[in-house]
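Protein chains in written order, with UniProt numbering: chain H, 1 to 344; chain U, 1 to 264.
Treat the hints with caution; some may be incorrect.
Sample of chain H residues facing chain U (criterion: CB under 8 Å; computed from the structure) [what the hints assert, rightly or not]:
{"no.": "1", "residue": "Leu-193"}
{"no.": "2", "residue": "Asp-200"}
{"no.": "3", "residue": "Lys-203"}
{"no.": "4", "residue": "Ser-207"}
{"no.": "5", "residue": "Ser-209"}
Quick caveat, the hints were computed from the structure, so don't treat them as lab data. Glycine residues also receive a C-beta, built at the ideal position from the N, C-alpha and C atoms.
If you want the building blocks of each chain, they are given just below.
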Amino acid sequence: MDVEKERKFIMSFDSFFISTFGAVESGIIYALMALGVYLSFRILDFPDLTVDGSFVTGGAVAAISIVNGVPPVLATIYAVLAGFLAGVVTGILNTKGKINPLLSGILMMIALYSINLRIMGKPNVSLLNESTMFNQVEGFWAALGIDDFLNNMITSMGIGILPQTWAIVIIMIVVTLAIKFITDYFLKTEVGLALRATGDNEKMIRSFSANTDILTIVGLGISNALVALSGALIAQQGGFTDVSMGIGMIVIGLASVIIGEALFGTKTIARTTLAVIGGAIVYRWVLAMALKVEFLETGDAKLITSVIVIVALVTPKIIASSKEANRKRKKRAMLSSREEGNSA
Amino acid sequence: MLNMKDISITFNEGTLDEKKALQHINLEMQKGDFVTVIGSNGAGKSTLMNMVSGSLKPDIGTVKINDKNVTMLPEYKRSRMIGRVFQDPMAGTAPTMTIEENLAMAYARNKKRTLKAGVSKKRKKLFKEHLETLHLGLENRLNAKVGLLSGGERQALSLLMATFTEPNILLLDEHTAALDPSRAELITNLTGEVVEQFGLTTLMVTHNMQQALDLGNRLIMMDKGQIILEVSGQEKQELTIEKLLHEFQRIRGTQMENDRAILG
Numbered sequence: 001m002d003v004e005k006e007r008k009f010i011m012s013f014d015s016f017f018i019s020t021f022g023a024v025e026s027g028i029i030y031a032l033m034a035l036g037v038y039l040s041f042r043i044l045d046f047p048d049l050t051v052d053g054s055f056v057t058g059g060a061v062a063a064i065s066i067v068n069g070v071p072p073v074l075a076t077i078y079a080v081l082a083g084f085l086a087g088v089v090t091g092i093l094n095t096k097g098k099i100n101p102l103l104s105g106i107l108m109m110i111a112l113y114s115i116n117l118r119i120m121g122k123p124n125v126s127l128l129n130e131s132t133m134f135n136q137v138e139g140f141w142a143a144l145g146i147d148d149f150l151n152n153m154i155t156s157m158g159i160g161i162l163p164q165t166w167a168i169v170i171i172m173i174v175v176t177l178a179i180k181f182i183t184d185y186f187l188k189t190e191v192g193l194a195l196r197a198t199g200d201n202e203k204m205i206r207s208f209s210a211n212t213d214i215l216t217i218v219g220l221g222i223s224n225a226l227v228a229l230s231g232a233l234i235a236q237q238g239g240f241t242d243v244s245m246g247i248g249m250i251v252i253g254l255a256s257v258i259i260g261e262a263l264f265g266t267k268t269i270a271r272t273t274l275a276v277i278g279g280a281i282v283y284r285w286v287l288a289m290a291l292k293v294e295f296l297e298t299g300d301a302k303l304i305t306s307v308i309v310i311v312a313l314v315t316p317k318i319i320a321s322s323k324e325a326n327r328k329r330k331k332r333a334m335l336s337s338r339e340e341g342n343s344a
Numbered sequence: 001m002l003n004m005k006d007i008s009i010t011f012n013e014g015t016l017d018e019k020k021a022l023q024h025i026n027l028e029m030q031k032g033d034f035v036t037v038i039g040s041n042g043a044g045k046s047t048l049m050n051m052v053s054g055s056l057k058p059d060i061g062t063v064k065i066n067d068k069n070v071t072m073l074p075e076y077k078r079s080r081m082i083g084r085v086f087q088d089p090m091a092g093t094a095p096t097m098t099i100e101e102n103l104a105m106a107y108a109r110n111k112k113r114t115l116k117a118g119v120s121k122k123r124k125k126l127f128k129e130h131l132e133t134l135h136l137g138l139e140n141r142l143n144a145k146v147g148l149l150s151g152g153e154r155q156a157l158s159l160l161m162a163t164f165t166e167p168n169i170l171l172l173d174e175h176t177a178a179l180d181p182s183r184a185e186l187i188t189n190l191t192g193e194v195v196e197q198f199g200l201t202t203l204m205v206t207h208n209m210q211q212a213l214d215l216g217n218r219l220i221m222m223d224k225g226q227i228i229l230e231v232s233g234q235e236k237q238e239l240t241i242e243k244l245l246h247e248f249q250r251i252r253g254t255q256m257e258n259d260r261a262i263l264g
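For reference, chain H alone in the conformation it holds in the complex:
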């Protein structure tokens, strides 16, 4: 009985570790998408639904390029450019076509669905036997011996199931942090400041000679370039691109932004971008844990996502208002006890 219990515990701890590992691995790639959503949603104050389409565009362009023999790095760059273009079109619809932000994004999202199908020529493209950015570096990675070292370490911690490779997670941590630091710097440059002001007070920054139309267009371009980069990398990590893999992506991006901000704070730009990356990982982790619950299945992921976002949005408000109610109750109690003291 005891042995059985112990075995069960080890099993669950193993599977806890491996799903946490998986959550970090894909979370750090989705974090790039979340950074893109942060740029549009928070910095530009533009709820950009293009994301659902441009994420797939990134995956589609990368996959079809790789299948046609383009080196994976170049294929990924093509994907980034395609995403940038998608964002630019949304920006033009909004600024030059005077279409409201939400509708511009929706129009572009729908249009991209067909465009993505055209790019791929079919609903999905497999990359299973193709070389990707990740399996290209794996040989080099194995030679470094980092996997052996880390695996030895976790084996000694008593974990039985080992991750296939640490390459993706470690490379992506480096890549994502590099992009985070570039973003932080960019948002502090003269152009970056004007971009932030465009979302904060458009009338004001226009009176300081900034072309807010161009800034919005470029800002959405950069945002969707990051989203497409994320899509291209997810495709290469997962080994396929599917035309429907972007459904609900904007909500996942928002979930990451909101969870990250709530958990890790927004004091400075650098802190917030880090929080968004953290939020993307936490989101993946919560989702992975939720899917471990017996009666939930993979198809419930979108429902779980919605619930996560709702909880992340509502909880901070409930906490704040209960704190406030507590404070008032205490104050009243203090006053009434003082009055009693006086009358006694």
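Once you've looked at the hints, dock chain U against the given chain H.
The following block gives chain U in isolation, referenced to the frame of chain H:
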């Protein structure tokens, strides 16, 4: 410096709401002129200001700044030459950004924005020096978010941001109207100081007649889209509120309808 010739604009032309907002306005300002504009609601003061800033384009007429025809130049391009302070203290600054970041954006007004850091050490020193002239202690709060400042502080910052890069023309759009009296006085005094310090060519709209009399070397009165009175130099020095009201009655044959203009 500023030359407006035969400017007219009509809103909602051909409908029941048709409004001739400006009718054949001619206004010439020399370098260093400080013109105050008064008039009741709907007289066309703000429309005049928006004509200069470029947020509105005239139906007919031309606007020249520094002998350059800017009539069709979009607002953001024109604002290289124009500093502007709005009535709403929230309008002139970006609330989620810090004081130094706001100043950095204002600093880039007449330059090309680049991918260099907006706030450098050298600029920080410059910003501090300028903030000291406001005597509000803001020089010690460079990293505070502007949204945390009071209305008066924000308006003082807006004024500094609009002026410290020495624009060709400074537009003040009832910029003290939303402040309490003591703050309004502070901003009025600061305005006089900075305009003199930089020798700025200034156009100021105000509801407050006393302010219009205290500041500037010229005064114009508007009504129903027209300039009905122009006073300058010695004559302006000797002007009083009573005289102004009397003038209005003489020209228009009616009482000035707006109490706020008198009490303001």
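Do the hints match the structure? See the list:
no., hint, result
1, Leu-193, "4 Å, holds"
2, Asp-200, "4 Å, holds"
3, Lys-203, "6 Å, holds"
4, Ser-207, "5 Å, holds"
5, Ser-209, "4 Å, holds"
In terms of the numbered hints stated before, the structure departs from none.
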